[in-house]
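Trainee: Protein chains in written order, with my numbering: chain A, 910 to 1143; chain B, 660 to 919.
Please keep in mind that the hints were generated in silico from the structure rather than gathered at the bench. Only a predicted model underlies this, so the values are computations on that prediction, with no experimental measurement involved. Honestly, I wouldn't trust all of these hints.
[What the hints assert, rightly or not] Calculated lysine-lysine pairs in the DSBU-like style (CA-CA distance at most 30 Å, straight line):
| no. | chain 1 | residue 1 | chain 2 | residue 2 |
| --- | --- | --- | --- | --- |
| 1 | A | Lys976 | B | Lys916 |
| 2 | A | Lys1020 | B | Lys738 |
| 3 | A | Lys1091 | A | Lys936 |
| 4 | B | Lys719 | A | Lys1019 |
| 5 | A | Lys976 | A | Lys1124 |
| 6 | A | Lys914 | A | Lys1019 |
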Amino acid sequence: MSEQKSPVFSLRHVGVFYKRNRGVFGKPFWAIKDISFDLYQGETLGIIGRNGVGKSTLLRLMAGIIKPSIGEFVNHGYQASLLALHLGFIHYLTGRENAVLSGMFMGLRKKEVQAKMEAIIEFSELGEFIDQPLATYSSGMVARLAFSVAFQADPDILLIDEVLGVGDAQFSQKSAKAMQEKICSNKTIVLVSHNAAVIQQLCNRVVWIEDGVSKSEGETTTVLTEYEQFLHLI
Amino acid sequence: MFNHHFTNVSRYTELILYKTYADLKAETERTYLGFLWWIFEPIMYMSVFYIFFDVLLQIKTENYVPFLLVGLTVWQWFKSCLSHGAETILASHHLMQQVHLPKAIFPIILILTDSTKFVFLFILLLVFLWFYGYGVGLPYLALPAVLLVQFLFTASLTFLLAAIVPFLPDLRFVVENLLMAVFFMSGIFMSADAIPEVYRSYYYLNPIVSIIESYRDILMYNTWPSGLALLIIGTLSLIGIWLAVRLIARFEYVYPKVMQ
């Protein structure tokens, strides 16, 4: 069904290389080699593959952070960003200041973050602590703030790398649930994971990547079956 | 398209200003004395030179202390921007892996934080000079121009270094030593008369020499600085800024790929 809609991203034989070493003699290292797929409006696309096959590089490419070395990547005019936790956090500033700073790094205006501040404080359950420096927080509290801020950023396309829930057991459940609700809404989402169960549960379509190459693209169950057969073979 | 561009510029301006505020605040929160260190630290630094040159060497030059302090204050601004600014794009590696930002904003933020600290120091210098007995004359009107020229000159070199250092991190060590060399050749300790006549025209190729002399003309000798020298330095600096910003923009999508 989604095939009838117009794509938001189109990738055709995309490859990206890094320089393995510094300096003039750095040999190219191809993080992704040949990736082709389309992303459609309103769908949740899963990207599955083992560790180190180029999933994170692919996300960076879609977030507009890097450009392909070869091939064609077309963004049909949408703003995509990574779900980034702790973006630009400064240890010595208060939770509120960090929320503003982090939100601004994600592309919100100062006023927009301030308007969402109540929601951030409520979701993070920080209460009075929001005006204390991060240095006084427990790691769980930092995680709660980080998630609550990142969750407020609302790009056209949300790119998620593995993490769904964070923090202690209780907050982890709550954040994962909020995230799943967002994913199941009409939002366009790319979810990267090596966990087939998560992909199975949340995604409409899946792209399977192995060694920098898109092996297969299509309906979730079909692609996951192929992926699992491949895992048994190696 | 233009509208989109305008929105981006105002968004990034807002981000630069807030991040500058955040960095300054974080710095004051990190120590007991907070922002007082912006003044104490340079005072301690300058006291070393005062004790060495005025007390120990007993240099006979008249009014040597104010002469020295003007040079050191001005140098401090230049040096801190360059030595801190060189690393800004390199140090933002982690951030730029997660979100796309124009890389030029990192050196800009640093220049703004270090310039804010310089404002405190400069006011302190003015107060010292007034207590020492120097008056405020008409040439003070040229002070904003001199400050602007130094700002532009500092910015051009800071951008250039910030653009190159991610590819050549070793350059940072060269920069530290080059700064040291330039420090001794910028007329901070002595006036240009002390330089042999044969070398003097080369000596003036260092823009810092003219900049420091301009400050001394205004603050100590109550004379107008050389407009031509300032105009040349200012113009070259603007060209330098333009080139360096083009260079950073050229590598916009390469910096995130440079391995740390």
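Trainee: Against each hint, give a clear statement of whether it holds in the structure.
Mentor: Verification of the supplied hints:
1. A:Lys976 / B:Lys916: Holds - the C-alpha atoms of lysine 916 (chain B) and lysine 976 (chain A) are around 10 Å apart, at most 30 Å.
2. A:Lys1020 / B:Lys738: violated (36 Å)
3. A:Lys1091 / A:Lys936: Outside the cut-off at roughly 41 Å; violated.
4. B:Lys719 / A:Lys1019: violated (56 Å)
5. A:Lys976 / A:Lys1124: Roughly 22 Å separates the two Cα atoms, so the pair holds.
6. A:Lys914 / A:Lys1019: violated (35 Å)
When each numbered hint is compared with the structure, violations occur for hints 2, 3, 4 and 6.
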